[in-house]
Structure formats: C-alpha cells, structure tokens
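Colleague: One letter stands for each residue in the lines below.
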Amino acid sequence: MKHLTLGAAIFAALATPVMADDITVGFAIAKSGWMEAYDTPAATAAKIRIDEINAAGGLLGKQIKWIEADTRTDRAEAAKAGLEMVDQGAQMMVVSCDYDFGSPAALVAEGEGMNSFFLCAEDVKAGIQGVGPNAFSASVLAPVQGATMAEWSYNKRAARKAYVLEDTFIEYNKGICTGFDWMFPRLEGAEIVGRDTFKNDDASIASQITRIKALPQEPDVIMLCSVMPGAAAAVRQIRAAGINSLILNGSAVDGSYWLDATPDLSGFVVPVQGSIYGDDPRPEVEAFNVAYEKATGARPASQYAYPGYVLIDLWAKAVERAGTVDGAAVTAELEKMKDEPTAFGPRSFSSELHHQNTALMQIIEITNGKPGRVDEWRISEPVPMDVLITK
Amino acid sequence: MTLQLLFDALSLGGIYAIAALGIALIFGVMKLVNFAHGQFIAFAVFALIVPSTDAVAVMGLGAAPALVLVPALLAVGAGLAVASEYLVFRPLRNASPVALMVASFALGVVIQNVLLVFYGGRPKAISLWPDLGKPVQLLGAEVPMLQIIVICAVLLVLALLALMLKRSRIGLEMRAAAEDFGMARLLGVRANAVIAGAFALSGALAATVALVLVAQTGVADVRMGGQIMLIAFIATVVGGMGSLPGAVAAGFAIGAASVALQAALPIEARPFRDAFLYGLVILVLLLRPQGLFASASAKPRV
Numbered sequence: 031m032k033h034l035t036l037g038a039a040i041f042a043a044l045a046t047p048v049m050a051d052d053i054t055v056g057f058a059i060a061k062s063g064w065m066e067a068y069d070t071p072a073a074t075a076a077k078i079r080i081d082e083i084n085a086a087g088g089l090l091g092k093q094i095k096w097i098e099a100d101t102r103t104d105r106a107e108a109a110k111a112g113l114e115m116v117d118q119g120a121q122m123m124v125v126s127c128d129y130d131f132g133s134p135a136a137l138v139a140e141g142e143g144m145n146s147f148f149l150c151a152e153d154v155k156a157g158i159q160g161v162g163p164n165a166f167s168a169s170v171l172a173p174v175q176g177a178t179m180a181e182w183s184y185n186k187r188a189a190r191k192a193y194v195l196e197d198t199f200i201e202y203n204k205g206i207c208t209g210f211d212w213m214f215p216r217l218e219g220a221e222i223v224g225r226d227t228f229k230n231d232d233a234s235i236a237s238q239i240t241r242i243k244a245l246p247q248e249p250d251v252i253m254l255c256s257v258m259p260g261a262a263a264a265v266r267q268i269r270a271a272g273i274n275s276l277i278l279n280g281s282a283v284d285g286s287y288w289l290d291a292t293p294d295l296s297g298f299v300v301p302v303q304g305s306i307y308g309d310d311p312r313p314e315v316e317a318f319n320v321a322y323e324k325a326t327g328a329r330p331a332s333q334y335a336y337p338g339y340v341l342i343d344l345w346a347k348a349v350e351r352a353g354t355v356d357g358a359a360v361t362a363e364l365e366k367m368k369d370e371p372t373a374f375g376p377r378s379f380s381s382e383l384h385h386q387n388t389a390l391m392q393i394i395e396i397t398n399g400k401p402g403r404v405d406e407w408r409i410s411e412p413v414p415m416d417v418l419i420t421k
Numbered sequence: 248m249t250l251q252l253l254f255d256a257l258s259l260g261g262i263y264a265i266a267a268l269g270i271a272l273i274f275g276v277m278k279l280v281n282f283a284h285g286q287f288i289a290f291a292v293f294a295l296i297v298p299s300t301d302a303v304a305v306m307g308l309g310a311a312p313a314l315v316l317v318p319a320l321l322a323v324g325a326g327l328a329v330a331s332e333y334l335v336f337r338p339l340r341n342a343s344p345v346a347l348m349v350a351s352f353a354l355g356v357v358i359q360n361v362l363l364v365f366y367g368g369r370p371k372a373i374s375l376w377p378d379l380g381k382p383v384q385l386l387g388a389e390v391p392m393l394q395i396i397v398i399c400a401v402l403l404v405l406a407l408l409a410l411m412l413k414r415s416r417i418g419l420e421m422r423a424a425a426e427d428f429g430m431a432r433l434l435g436v437r438a439n440a441v442i443a444g445a446f447a448l449s450g451a452l453a454a455t456v457a458l459v460l461v462a463q464t465g466v467a468d469v470r471m472g473g474q475i476m477l478i479a480f481i482a483t484v485v486g487g488m489g490s491l492p493g494a495v496a497a498g499f500a501i502g503a504a505s506v507a508l509q510a511a512l513p514i515e516a517r518p519f520r521d522a523f524l525y526g527l528v529i530l531v532l533l534l535r536p537q538g539l540f541a542s543a544s545a546k547p548r549v
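Keeping their order, the protein sequence lines are chains A and B. In terms of this note's numbering, the first sequence opens at residue 31 and continues consecutively. In terms of this note's numbering, the second sequence opens at residue 248 and continues consecutively.
FYI, nobody ran anything at the bench for these hints, they're computed from the structure. Nothing false has been slipped in among the hints.
No farther apart than 25 Å at their CA atoms in a straight line, the calculated lysine-lysine pairs in the BS3-like style are these:
hint, chain 1, residue 1, chain 2, residue 2
1, A, 243, B, 381
2, A, 155, A, 61
3, B, 381, A, 229
Given the sequences, and given the hints that come with them, work out the whole structure.
Modeller: Okay, structure coming up:
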C-alpha cells in the first residue's frame, strides 16, 4: 500500500511537472538527423521571442515556459515526440519545418484541440488542408515565392523569355514552379520558352544543359525550382557551361554558405522574408539578427530563422486577444488577422488558409559572389486557392 | 547536339562504371554486395574539408595541390575500405551472404552518422577546381573540360586495372578468387591479401567517384553517394554479378540510357525518367536473368 501511494505520488509528479501558472510551449522538433540543421535556427528564433515576451511581463500575466523532444528526423519518432510534449503539459505545439516530418506531431496536437505551428513549412498541406483547423505555418507559401520571382523579374529586369528547370525531389520545388507558371504567362508579352526536370541527386545535369544551349536564343531568366544541395550543383553546372541568364530560385537557397560551389557567381536572385546580410531597410530585422548572434554566437545562416520568431509573435498576440490558450479560441483570433504587422512584414490568416498567399518579400541578388538586398516586391494579387490546391 | 549528347553519356556512364567496378570487385572475391559503398563516396567527399558543423566549409585536404590531393584522397578511400574490411567483414568472413549484406547496410549507417556528428546535416559547398567546368571546343561540340577529364580518367583507371588483373600476381589471385574462392585458397591463394587488396581498390575507386562528383557539383552532402550506389549496384546486376567487364559495360550503358531518355522523353514523362530506366533494366534481366556477362561461378553447376 505504501508503495502504491509512493507510486501514485511519483506518477502525479511526473504528470504535472509544469507549474500551473506557466504557459507551456512544446517543441517537437529534430534535434538530430539531417532536419536538425533546418529546425534549430527557427526554434532558436522562437525561443528568442519567448524570452522577449517573458521579459516584457509574459503572456496573460504568466511566464511562457518551453519544453522540447527530439523527432530524430523520423516520422514515427515525430509522433512519439508530440505525445511526449502533450504528456508534459504542452499547451501549444511547435513542430518540424517540413510537412512530412512535422505533421505527425501536429496531428497529435490537433487531436488534443491544441494549436500547432510548423517552423517553416511552405506547402499548403501544412495547415487546415493536411492537418486540421488548428494548424498553422508562419512561413510564406512556395508558390508565392515563384510568383514573386516571375513578376519582379518581368518588371525590374525586363524578363520576357523564361526557361523553367524543376527539381522533382520534393513538393516545395513543385510549389515554386507552380507559382512561377501561374504568374509569368499572365504578364503581357512574357513567355515560357522551354522546361525540363532533373533530380536533386543527379550526378550531372549535362543533358539538361545541352537542351538549354540548343535554344535559338539564351533565355532572359531561368527559374530554377530546387533546394540544396542540387540547386548549388545545378547553378555551378549552368554557369560553367557559359549560360549567363539571370537565375531565379525560391527562399530555400538563401544564405551565403553555399556560394563557394560557384566562385564569383553573379545574376542569381532569391526572394526572402528578411535579409540576413545587415542591409534590410527595416531596423527590427537587423535588431533580430543581432539578438540571434548574441544568443548563438553567429548571425542567422539563412532566412529560415525568421518564421520561428514570427510564429511565436503572432500566436502570443492571438492568445492575448482571446484571453486563453485554448486552441479553437486562439485559432479564431488568428483567423481575424489581416495584414497584422510583424518585424518581417504583414501576415494574414483566414478560415480557408493558415498560410501566406501573398507577402512583402525582400529580393536578394548575388553579384560577384556577394549577396545583398537589391529590392522588395509584393505580388499584385494573391496566389488563388485553386492554384495552391491543384498543384 | 548529338556529339554533345555522346560526351554527356560517356561522362555520366564513366562515373557509374567506376562506382559499379568498386562494387563488383568486392562481390567477386567474397560474394558481398557492399551497400556501404555510397557512404565510402560521401566519406571521401567530406575528407576534403575540415570537420565542423558551421554552415561555411573550410577546405582542409581539398586546398592541397592536385598532385598531393588526388593520391591522398585515394589513400583515404582505400584506408577506410581496408579498415571496414578488417573491423567488420573479416570477423564475418564465414557468415552467410545475407548477414554480410546486412552488416554492410549497418556500416553505411554508422559512416553516415559519423559524418553527421562531425559535419552537421546541412549540405556544404566545396570549390574544387572550378575552372574544370569551363567548356572547350572539341569536334564542333562545346564540352566541359571536366567531361573530357572524366572520360580520360575512366579509360586510364580501366586500363590500369585490366593491366593489374592480367599481369600482376595479386591480379591473378583476384581473378582466381572471383572464379572459385574455395578452390583458389586450396591452390595457395592468400585469402586475406586478396580480400584486403580488393577492398583497397574498391575504396580508391569510391574516392575517384567522390573527386569527380565534387568537381562537377561543388557540394558535399551526407546523403550523397546513395543514388550512385543504387545505380552502380544495378549495373553490377545487369552486367552479371562478379563480372568486372560486365559491371563497366553496364555502368556505361545505364549512364547512356539515362542521358538518352532525358533527351528524348517528352516533358510530361521526363520526371519519370528513372522509372523508364529501371523498366529497361527489368527488360534486360527478363531476357538475360544471369546478367549480360555472367561469371562462371554465378552459373549453377549441374
């Protein structure tokens, strides 16, 4: 009997390790495996925002606490990590960047009626469509990035003839091309003159390059829908072959860490949510970069730290307005957000879409191997729902 | 355009041929399909840079002049393969082929995770001989310098290997071992030397593939090598398990078929290029189940 009481006491202690007057955010993210390199920066940014909110008096008068579990870049482990967070008293769940690796934990949160946020998913499935009514992503949808590249290059670089080179590795790449394919042909006098596909781990894209070189005239722009490491490999091979078209890509290749792959690269453009290079016109962005450096010892390596900061910011505002952390109530407040200002530009959610179908994006261009912000652009109309869904 | 495609096909086929040879060599002497071969390639790639989990890679060995770099990297590849043989496969020498295969998978996972620990999960950029990508005019085609070097290097490697197998004592022993390992041992072939030699050669071939890949793509990723390993394995099967010329021929054939499909398929079908490629492989195997050049030991004895 004595043992039973002791057992019950231990069980009770394990079940409620979190003080009742804290708000607990659970991170079910990859702390090991290849996804770790993508999850850690965004999770660090989320914790920076949590610390800021706590320092300013907390949320609903309570301090925010965070707990975390490792998904090991594994879908089965991700579901377990989600359950572990629920058991430890998480009231909101932050999950892995990618839809495939984040959704198992997000589904656990959905089952508990909690809100979940993907750290940086850019596929429409990572929300209402693929998880449930309380799931959100704080990043900008991949088709918006492709459409931004189409409209910006048309207006600012007189791009009329485009070539589309799609890496069939992941859905994200398809999303970038979908956005570009939707926007570019709508523009007066613009035309996609050819397209081809490759695989991210192809040892060589020589035959794809041979096809581009066989065109009667070099295209103005090449829309490269790809991610690392295939994107760097493709850029190296395109430039080595003497093709000088402006190369466009999505946010996923932001960062200067890969530029050694193509020494002295010029004419390469990506849209980002904020500049990591210290030249963003908005002082809040640079203030965050400095705070990030203080917390980790290095500036963000790419823009993918930013959505982590934005998600806590938006969620905390919605919680403040709802007066509770209850999933449905917070979702209702999030869905009321229309161009809600954040440090990285306005954000909106609706009852159909828990993503950004339009966004003010900073344009980063690499010239002589040096990246820098050259412009900003917001597409003239949001990417329509049928384009997002049928891709 | 046609000539261009021929060079594309030869250079891609050459990479596959060297990788397939690395697998066929080991299969020949000990009936082991070494599924860690892809990780051998990745390991050799990462050996070029200083271990660090930072986003920006710092060249270590990769900064050395080519005359030092190439032999050193081949030695790294050979060293890793010989160490794997000594630590993993030698204790399992008499285990069943299935156990050996599972062990090679496990070895691959271990190598990949060691790389993850020391280098992190983010792909890294490596600028190795960027000038090699520049195109040169050759017979009316614009061919990247690297393609010519790859094709020449493949021919050189194959010639040297053929010479070694035909003329040297260890080569003779390897061929004997590939024919019938038990009989060869009874006739005085030194099993340990032959197997260690095959692993060293295989590792050096993996390092050769690594060099070509890095010079071509400029990136290092812990998952790289996996796709090449798969195609190389298929090439050894198509070529006839254990047949070295078969592996080389099939490697070239698969590379050429891949380039031809990429060039000829309509855009809607192009994302499924590899499905067509493997469809062709199945067709070949239906017609010749023992592979194109089956070795004598692969045929059942009556």
